[in-house]
Structures are given as C-alpha cells and as structure tokens.
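Please take these sequences and the hints and turn them into a complete structure.
Protein chains: 2
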Amino acid sequence: MDNKKIEKISRALSDASRIAILQQFKKKKDCLYCAEVNDLLDLTQPSVSHHLKQLVDADLLIPEKEGRNLKYVLNPKVLDEYIACLTDLKD
Amino acid sequence: MDNKKIEKISRALSDASRIAILQQFKKKKDCLYCAEVNDLLDLTQPSVSHHLKQLVDADLLIPEKEGRNLKYVLNPKVLDEYIACLTDLKD
DNA sequence: TTCATAAATTCAAATATTTAAATGTTTCTA
DNA sequence: TAGAAACATTTAAATATTTGAATTTATGAA
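Going down the list, the protein sequences come from chains Y and L.
Counting from 1, position 60 in the first sequence corresponds to residue 60 in my numbering; the numbering is continuous, with no gaps.
Counting from 1, position 22 in the second sequence corresponds to residue 22 in my numbering; the numbering is continuous, with no gaps.
Worth flagging that the hints you see were computed from the coordinates, not collected in a lab.
Accuracy of the hints is not assured; some may be wrong.
Copies of the same chain are indistinguishable here, so a pair counts whether it falls within one copy or spans any two.
[What the hints assert, rightly or not] Cross-link-like lysine to aspartate or glutamate pairs, in silico, EDC-like; alpha carbons within 20 Å at most:
1) K26 x D88
2) K65 x D15
3) K53 x E7
4) K4 x D15
As the structure is a prediction and not an experimental result, all values here were calculated from the model.
Structure follows, in structure tokens:
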C-alpha cells in the first residue's frame, strides 16, 4: 500500500460522521443500506451520499446494487492492509 | 479510545508530509530532531513545525526538549490503541 | 407508460486546512 | 550580556472539505 493510499484512507477516517457510519456495521452485521444510514445518523441524504462515496473511494466499503437500493459491505482486506502499514510504522 | 480521538489521529495521518515524517522514524531509529525533518523533507521550517504539532496533538509523537533542540519520539502506545479500534471495526 | 422511491450530482455557502513570510521566544555560546 | 541558532506563533492567501437545497438519474410498482 503506497502513501497516497494511506493518505486517502486516513482522510476517509477523519470525520465523525464517517466513523459513525463504519461503526454501524458492527450492529447491522456485515451490510448496511444507504437509507438506513440516513435514518440512523442525523444527516441529510446528500450528505450521507457524499460520506459513503468517500468511504467507497478509499475502498473501505464496497457498494452492491440491489435493484433500487444500494447495499454496502465492509472491506476487511483494505482495512487489514491499512493496519499492517500502521503496524509497520512502529519499527 | 473515543471517536473524537480516532478522528484526530486519522486526520493527523491524512497528509503526505506527515506520513513521510512518521516514516523517517524507521530510518532514524526511535527519535528525530526537528531540524532533521527540515532537511529530509522539502518543507519550510514553519510548515514542519505545523505538521509536527498536529502529530503531537494527536499523541502520535512525544516531544522532548534537549536544550535548544526538540527531539521527537514515536508513541507506539497510541498507535496500538488506534490500531485496536480499527481492528474492532471489522466485527 | 406513469408515478413514486432510492440515491447521485450540482451548486453555493460556511468552515477548515495547508503553506510561507514575517516575527517572536527560548536557549546556547562567545 | 550580545548574538546566533532552534523552534513556535501569527497572519494572510490559496485550496479543500463539509453541508444542505435543488435537481437529476435510475429503478420498481401500479
């Protein structure tokens, strides 16, 4: 994982709303629908869409179309790679 | 570690210069002087000072005064706590 | 086909971040 | 004590991010 990628993931994680979104996955087991995020957090729909996009762009979430709905699943692989880079920083 | 702290650390890590600074610790073994950062990276002195401040504010670096110089050491404890939070996100 | 719903995009305003120049503070040394 | 060196702070400009309102696109249902 190169520095650009580390930077992008870190930035994706550097916002209270996005951290809250990721934490919802623990409660909802694996996947989350766009509309659910809307209900669970006090954010407008465009704002949710914007935050989800950043998480997807950082590859932390994988979007899956389900007809009219959009389901997101967590990408543990990228999270693991990111964690490995951070671990590596500690000598 | 609360969400505010996760946000702060993530933000500290979301900049190319600051990632580069942290990576210098691997080469320099444990500690780094302010002036060294200045030489190693192509940044002005106020810019280095600003970036180091953010890393210190996030507790990723611990500053230690040595007379006229300022020595920074990596704080592996906070990094570990941060990593633990990220690991926890993966269910 | 038409309407309703889910989500993305566009746009503008508010706010935050990055950067360097100028200046200030602290501490070592002559 | 005076000057120099190391680092911090202030300020301003450029840029990026966040947010919501309005609009658009895409899909499912009647």
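These are the hints, each one checked on the structure:
When the C-alpha separation of K26 and D88 is checked against a cutoff of 20 Å, the pair qualifies only between copies, where the shortest distance is 9 Å, while the shortest distance within a copy is 26 Å. For the homomeric pair K65 and D15, neither the shortest alpha-carbon distance inside one copy (25 Å) nor that between copies (32 Å) is at most 20 Å. When the C-alpha separation of K53 and E7 is checked against a cutoff of 20 Å, the pair qualifies both within a copy, at 16 Å, and between copies, at 18 Å. Taking the shortest Cα distances, K4 and D15 sit within 20 Å of each other both inside one copy (18 Å) and across copies (9 Å).
In summary, the one numbered hint that this structure violates is 2.
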